[in-house]
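Engineer: These are the residues of each chain, in order.
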Amino acid sequence: MWDLMSRLKSKRRYLIELGVCLALYVLAIRLSMLLLNDGIATGIGKPIAALIPMVPGSGMCWVIVRQFHRMDELQRRIQFEALGFAFAGTAIVTFSYGFLETVGFAKVSMFFVWSVMAVLWSLGMAVATRRYR
Amino acid sequence: MNNNIRALRTARGLSQEALGSALNVSRQTINAIEAGRYDPSLPLAFKLARFFALHIEDVFDDGEETLGS
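Residue numbers (the working numbering), protein chains in the order written: chain A, 1 to 133; chain B, 1 to 69.
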């Protein structure tokens, strides 16, 4: 039954799963930095150590996909529109800045790409949610 | 697409939350369908019609004439 209690439970489960992955992600970053900064990881171990945070990072993706499967069709539609907006918007922003880099703008880390997408995803969610309210 | 879900629901004294709960969808989904801002999928449209013990065309109206009429 899609009652209020089950929805709250579902939301709570999602937040707990995401929180656990986030905590593991922070620990993985610390471990990765320790291995790299203290020279413990060498050779082929360096890129492996650098990618350790992506293990819990992949867990976050799994948690988000699980949450998508719990949604009803309108909520999935809202997510689809928001992600479509974020996908296209990120392409516009990152390509624009990429071209600006060719004329002397400062090089920006790849880490900023997802930050841009996350902001646009939130914006897209707000717009799509309002449309179907 | 037009529909008379709001009238059918209120005639039975149901809240949007209760109808959504019976059909495994959120209150927001019921509200969006009633307001005509969201057209449900065919499976959900059938579930809605069955819930009210009606034919799907008695619940939804796309404003088109029946073919051959």
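Calculated from the structure, these hints are not laboratory results. All figures in this text were calculated on a predicted structure; none of them were measured in a lab. All residues carry an ideal CB built from backbone N, CA and C; glycine is no exception. One or more of the hints may lead you astray.
[Unchecked claim] Computed list of chain B residues with no C-beta within reach of chain A, every gap over 12 Å: (1) L23; (2) S26; (3) A32; (4) D58; (5) D62.
[Said to hold, decoys possible] Cross-link-like lysine-lysine pairs, in silico, DSBU-like; alpha carbons within 35 Å at most: (6) A:K46 x B:K47; (7) A:K46 x A:K107; (8) B:K47 x A:K11.
Engineer: Against this structure, judge whether each hint is valid.
Structural biologist: Okay, the hints, checked on the actual structure:
no.: 1; hint: L23; verdict: violated, 7 Å
no.: 2; hint: S26; verdict: violated, 5 Å
no.: 3; hint: A32; verdict: violated, 4 Å
no.: 4; hint: D58; verdict: holds, 22 Å
no.: 5; hint: D62; verdict: holds, 18 Å
no.: 6; hint: A:K46 x B:K47; verdict: violated, 56 Å
no.: 7; hint: A:K46 x A:K107; verdict: holds, 24 Å
no.: 8; hint: B:K47 x A:K11; verdict: holds, 25 Å
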